[in-house]
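J.: Chains as they are written, first to last, in the working numbering: chain A, 8 to 456; chain B, 529 to 1097.
Heads up, some of the hints might be wrong.
With beta-carbon atoms standing in for the labels, derived distance ranges [unchecked claim]:
| # | chain 1 | residue 1 | chain 2 | residue 2 | range |
| --- | --- | --- | --- | --- | --- |
| 1 | A | A119 | B | M529 | 24 to 32 angstroms |
| 2 | A | Q264 | B | F1067 | 18 to 26 angstroms |
| 3 | B | Q825 | A | N262 | 47 to 55 angstroms |
| 4 | A | K296 | B | K1069 | 26 to 34 angstroms |
| 5 | A | K211 | B | T612 | 54 to 62 angstroms |
| 6 | B | E1076 | A | L278 | 40 to 48 angstroms |
Over the 10 angstroms line for every Cβ pair with chain B, so calculated as not near, a few chain A residues [to be verified]:
| # | residue |
| --- | --- |
| 7 | V40 |
| 8 | K41 |
| 9 | D208 |
| 10 | P249 |
| 11 | K250 |
| 12 | R282 |
| 13 | A446 |
| 14 | A451 |
Hint data in this document are derived by calculation from the structure and do not stem from the laboratory. Using N, Cα and C, we set each Cβ at its ideal position, and we do this for glycine too.
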Amino acid sequence: MAYEEPITDYDHIVENCTCAFCGCNCDDLEFLVKDNHIVGVRHACRLGASKVMEDMDQRLMVPMIRGEDGELEEVDWDTALNKAAELIAGAVRPVFYGWSETSIETMKEGIALGEEVGAVLDNQATICHGPSLQAVQNAGYPVLTLGEAKNRADMIVYTGSNAMNSHPRHMARYSTFPRGYFRQRGRFDRTVVTMDPKYSDTAKMSDIWVGFEQNGDYEFYNAIRAVLKGKELKQDVISGIPKEDVYELVEAMKNTQFGVVFFGLGLTHTLSKQRNIDIAINMVQDLNKFTKWVLMPMRGHFNVNGFNIFMSYEMGFPFGVDFARGYPRYMMGETNTIDLLTRKECDVFMVIAADPGAHFPSGANKHLAEIPVIQIDIHWGPSTEIADVVLPGSFVGVEVGGTSYRMDGVPIFMKKAIDKPETCRDDEWIVRELKERVAKIKQAQVASK
Amino acid sequence: MEYILKNGIVYDPANNINGEKKDVMFKDGKIVDNVSSDAKVLDVTDKIVMPAGVDPHAHVAGPKLVVGRLYRPEDSRKGVTAKTNVVRSETGFSIPNCAATGYRYSRLGYGTVCEAAMPPLEAKHTHEEILAIPNIDIPPLPLFGNNWFVLQLAKDGRIDELAAFISLWLKISKGYGVKIVNPCGSEAWGWGMNVHGYDDSAPHWDVTSREVVMALAKANEQLGLPHSIHIHPNDLGHPGNFPTTIETLDSVKDIQKNNPIRDQVMHCTHIQFHSYGGTSWRDAESGAEDVAKYINQNKHVTCDVGQVTLDETTTMTADAPMEYDLFKLSGLKWANKDIECETAAGIIPVIYSGKSPVNSLQWAIGLELFLMIDNPWQVALTTDHPNAGPFIRYPRIISWLMSNERRMEMIENKEVHNWVERRTALATIDREYDWNDIAVISRAGPARIHGFEDRGALTAGMNADIAVYDINPNDFDPSKNAAGVEKAFGNALYTIKDGQVMVKDGEVVSVKPSGTIWTNVVGYEDKEQKILDEIMPFFNKYYTVKFENYKVHDHYLHNPIEVKVQAGK
Chain A
8 MAYEEPITDY
18 DHIVENCTCA
28 FCGCNCDDLE
38 FLVKDNHIVG
48 VRHACRLGAS
58 KVMEDMDQRL
68 MVPMIRGEDG
78 ELEEVDWDTA
88 LNKAAELIAG
98 AVRPVFYGWS
108 ETSIETMKEG
118 IALGEEVGAV
128 LDNQATICHG
138 PSLQAVQNAG
148 YPVLTLGEAK
158 NRADMIVYTG
168 SNAMNSHPRH
178 MARYSTFPRG
188 YFRQRGRFDR
198 TVVTMDPKYS
208 DTAKMSDIWV
218 GFEQNGDYEF
228 YNAIRAVLKG
238 KELKQDVISG
248 IPKEDVYELV
258 EAMKNTQFGV
268 VFFGLGLTHT
278 LSKQRNIDIA
288 INMVQDLNKF
298 TKWVLMPMRG
308 HFNVNGFNIF
318 MSYEMGFPFG
328 VDFARGYPRY
338 MMGETNTIDL
348 LTRKECDVFM
358 VIAADPGAHF
368 PSGANKHLAE
378 IPVIQIDIHW
388 GPSTEIADVV
398 LPGSFVGVEV
408 GGTSYRMDGV
418 PIFMKKAIDK
428 PETCRDDEWI
438 VRELKERVAK
448 IKQAQVASK
Chain B
529 MEYILKNGIV
539 YDPANNINGE
549 KKDVMFKDGK
559 IVDNVSSDAK
569 VLDVTDKIVM
579 PAGVDPHAHV
589 AGPKLVVGRL
599 YRPEDSRKGV
609 TAKTNVVRSE
619 TGFSIPNCAA
629 TGYRYSRLGY
639 GTVCEAAMPP
649 LEAKHTHEEI
659 LAIPNIDIPP
669 LPLFGNNWFV
679 LQLAKDGRID
689 ELAAFISLWL
699 KISKGYGVKI
709 VNPCGSEAWG
719 WGMNVHGYDD
729 SAPHWDVTSR
739 EVVMALAKAN
749 EQLGLPHSIH
759 IHPNDLGHPG
769 NFPTTIETLD
779 SVKDIQKNNP
789 IRDQVMHCTH
799 IQFHSYGGTS
809 WRDAESGAED
819 VAKYINQNKH
829 VTCDVGQVTL
839 DETTTMTADA
849 PMEYDLFKLS
859 GLKWANKDIE
869 CETAAGIIPV
879 IYSGKSPVNS
889 LQWAIGLELF
899 LMIDNPWQVA
909 LTTDHPNAGP
919 FIRYPRIISW
929 LMSNERRMEM
939 IENKEVHNWV
949 ERRTALATID
959 REYDWNDIAV
969 ISRAGPARIH
979 GFEDRGALTA
989 GMNADIAVYD
999 INPNDFDPSK
1009 NAAGVEKAFG
1019 NALYTIKDGQ
1029 VMVKDGEVVS
1039 VKPSGTIWTN
1049 VVGYEDKEQK
1059 ILDEIMPFFN
1069 KYYTVKFENY
1079 KVHDHYLHNP
1089 IEVKVQAGK
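Kindly produce the complete structure, drawing on both the sequences and the hints.
T.: Below you can see the structure in the form of structure tokens.
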């Protein structure tokens, strides 16, 4: 990497900004601002910094509606909002999907709209840590705030997670490298273990790499549990790991003072899905009979946890909440976005702060191409290609303030640093406008009857 | 808008009104002595009129609640109702969604509910949930008992600085008073351990539970906060824990109270869980008599009960090691949440059953405490919601307290296990609460305990928070009609909050946003700055959020109810 000159050409610095990238929600960022643009970001990782600095790249600037000829055409805000409101008000089975990259304040407007029209509200958990949440509902949820790992942990396990690539500051800020109150020597006071079939960048930073076979997770954790319960392993090799290594590892885990398992989608989405997480949770519960252990899902988007928390306190269920019957329902496999799309139930789809075009299975996207799609986002993406109404929002944590929840549930108010482009609107405002316009249409319908 | 509640039978213990037939008038949200002839008349002839209920201790908003809801969809699937033109959807039984929490308290005739445990690091979350709860005012209590700064200051005996820290942290977290949970024990849980007894200390910190509690009590009185320290003592739920409880209560008896409204220097919460005799669950028995005797002889303490209601519920507490103990007993799904530098929490479902000897014992101990503590101003009605049962069971508990016949029926019909007769004295107590006693334990008492100046009584100038119940006390024997009591107290005829009719005939007819009650100490600004300067390097090093992002700012308080306290006055 070539040496980069420090940035000196800026007007002012905004301190203690929160990164709007991953679930680490690093809140120590400094934005260097010149002419209402961020020209430099201090402290952030490459992922975070580039998202903040290149915020104008492929930026959606104006509201658009897809015309007769199939092309998106620029329209004014009133036209776009009215069109979107008409679609939502006329929908039989609307789905509002996304929310993980916008603020809780926006979600508040969204749930009010969803209740009004009987929509399904769902977020990215449906395609990422949804199975983890299922497992939590089966087995429990022994977690921590990240500062506990920093201050106490002497053993850190990453499993199915390549934090160095996906959450680049996670090890630096929370788990491995920082000097904690009881771990004054930082990295030297901790044992880092990566459990992953792949020799990932995180594995390279670790003291121990346990490279079990692909889809061998369940069997491997089962073996650990068996050893914890005092059983002897009958096979010599378990999921590709010699049994002596399993014994040794269990011994080390029992003899730590404070251990944390950070698990990623590599564990959640292999063969046994939520059962992998079930058994990881059970393992942590077993380990607590010997010493202190906790675990934590490595949540991806900066507010994906926030949506689950928000929906839980508003309606008692974390995601995939269906208001079609006038009361909230939550049924895995029934009220989740992918199922609704592949069954071709959904007739109007609103996507906010997410990119189903890039992430959904093709069957789901195929249906999206056939129904009206409303997109609220800041950047162009594959979803824009299938959108019929595009409403350009603004960048939470940079152009507009708002609440987010870190992967460990710590709430942070992400403050505003610069003004949004004049032609864009706040997400919260857009959804509120939609809510009010839909309510007007509905009232008119009632009146005309 | 002026109103007159006409011809009700009024129970207003704070004003020594005990079942008098009189009118209650209010105007623009406040109780008044006179209204004009234009006042709207609400005819409540011969119905029970009381100040709206005040819940001194419940868990209704915050991170623990959300973990409970998130990991127990089986609970959220109970009690689901569709939205109407007035109300939003309700879900949940032991951990209702925010909307249901507000409506259900309204239907019981309640107006104020204290959220009993707020970790300062996640205070914004608690406040977000308070914003989502309608119809009730909520004072949240931040947790101090295992906070590292508190442990250090208590160890060094720096009461002045501790007072400044409390004053500052109440501002930062927008909290109401000082909550202490298993002092030193939740810190020990950071290493998977617990403390045992009042003179045990957390690893590393070298400060005992006693030292922490006494330091906090002294600092609390130095500031003259409206509420006393609010303590969940050590050893919760362990057989043989009652001596620890009495030791804890006794340790603060020489500390001078410094507040004109409340009488106590220590409020001991869910004391039922802390009044067990015996040495293990094999030989466990009631310790209620000793605890009640201590409280009867000492005016410096108050308590609430945490009455077991014999339901399936969700327990949640900052006493995390205790929750892991419960997990080892029941094997049900266990959740835990450690909060850096501050506290911990644990959650686990519990199925309290009358068939279980232990649960029946707990049920009886709670009732014994209610009935053995002579002065109703010293004991308040709670279930430690949702720990011993959901708050919607308050009417049922009221019916138990008012009817010895019902209690004996439960014992004789084997609705509870025979440990109740064999290991407690409940069957020998025939005391029955009267309407006035009920008004004390559910509104007047808790309001005084929390030092509220604006609620808990029907005095002119106070908030028009009023409950009317569909019972004519002159023509109704609660002793013979427990079911009637439960029905009436569960479906208020009217609930009035700040002069607005929220409930009529048991139905929620209007909603209003909740208020957040918090304490703003004035006069300590310099001392606060000094302690802040001192602890800031530590904060920056060991917390994982920046101080600027730690504070709860006004964005999270839409309807703040600020209680100004002149420090030391």
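J.: Give a verdict on every hint.
T.: A quick look at each hint next to the structure:
{"no.": "1", "hint": "A:A119 - B:M529: 24 to 32 angstroms", "verdict": "28 angstroms, holds"}
{"no.": "2", "hint": "A:Q264 - B:F1067: 18 to 26 angstroms", "verdict": "24 angstroms, holds"}
{"no.": "3", "hint": "B:Q825 - A:N262: 47 to 55 angstroms", "verdict": "50 angstroms, holds"}
{"no.": "4", "hint": "A:K296 - B:K1069: 26 to 34 angstroms", "verdict": "32 angstroms, holds"}
{"no.": "5", "hint": "A:K211 - B:T612: 54 to 62 angstroms", "verdict": "59 angstroms, holds"}
{"no.": "6", "hint": "B:E1076 - A:L278: 40 to 48 angstroms", "verdict": "45 angstroms, holds"}
{"no.": "7", "hint": "V40", "verdict": "17 angstroms, holds"}
{"no.": "8", "hint": "K41", "verdict": "23 angstroms, holds"}
{"no.": "9", "hint": "D208", "verdict": "22 angstroms, holds"}
{"no.": "10", "hint": "P249", "verdict": "29 angstroms, holds"}
{"no.": "11", "hint": "K250", "verdict": "27 angstroms, holds"}
{"no.": "12", "hint": "R282", "verdict": "15 angstroms, holds"}
{"no.": "13", "hint": "A446", "verdict": "13 angstroms, holds"}
{"no.": "14", "hint": "A451", "verdict": "17 angstroms, holds"}
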